Amino acid sequence: MVWEGLRNARIAFEQGESTGWKGCVMGVRLALENWQKIEPEDLSQNEKTKRTKRQRLDHLRWSLLQIGHFLSHNGAEECSRDDALLLLSTLSTLLAERTVMSDGITACPDG
12 MVWEGLRNAR IAFEQGESTG WKGCVMGVRL ALENWQKIEP EDLSQNEKTK
62 RTKRQRLDHL RWSLLQIGHF LSHNGAEECS RDDALLLLST LSTLLAERTV
112 MSDGITACPD G
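Our numbering runs 11 ahead of the 1-based position in the sequence shown.
Read the hints as simulated data drawn from the structure, not as lab findings.
Predicted model, so just to flag it, every value in this text is computed and none were measured.
You may find that some hints are simply not true.
Computed spacing ranges between beta-carbons, pair by pair [claimed, not checked]: (1) 61 <-> 28: 28 to 38 Å; (2) 50 <-> 80: 10 to 20 Å; (3) 27 <-> 65: 18 to 28 Å; (4) 93 <-> 15: 19 to 29 Å.
All residues carry an ideal CB built from backbone N, CA and C; glycine is no exception.
Put together the whole structure using the sequences plus the hints.
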């Protein structure tokens with residue numbers, strides 16, 4: 012479901028315009044919610060200097076989900092191409108990084 016959300020986000024982004032960009036954001040949000048079900052973020056370390064790389068990436072992932080919620084619950088006109096691109100590219104990068112670090116999220120079935 013994580014990879015499906017990413018695919019849907021990419022397809023919506025390519026459609027463009029406010030509806031496509033909002034669809035992209037919603038696809039990213041869905042992917043992040045599904046990822047959270049598989050592998051919850053580790054936000055346990057409050058002291059920033061003691062966070063591991065993985066914990067720092069988990070904080071970034073959680074923040075990305077919060078932006079996704081905010082943009083998904085506003086009108087399509089509030090969601091810009093830049094917003095969609097930020098969410099899509101950040102999710103893609105986090106997944107690429109996590110695929111290397113984790114056994115929770117497996118590589119994309121399509122390659």
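Here's how the hints hold up against the structure:
{"no.": "1", "hint": "61 <-> 28: 28 to 38 Å", "verdict": "violated (44 Å)"}
{"no.": "2", "hint": "50 <-> 80: 10 to 20 Å", "verdict": "holds (19 Å)"}
{"no.": "3", "hint": "27 <-> 65: 18 to 28 Å", "verdict": "violated (35 Å)"}
{"no.": "4", "hint": "93 <-> 15: 19 to 29 Å", "verdict": "holds (24 Å)"}
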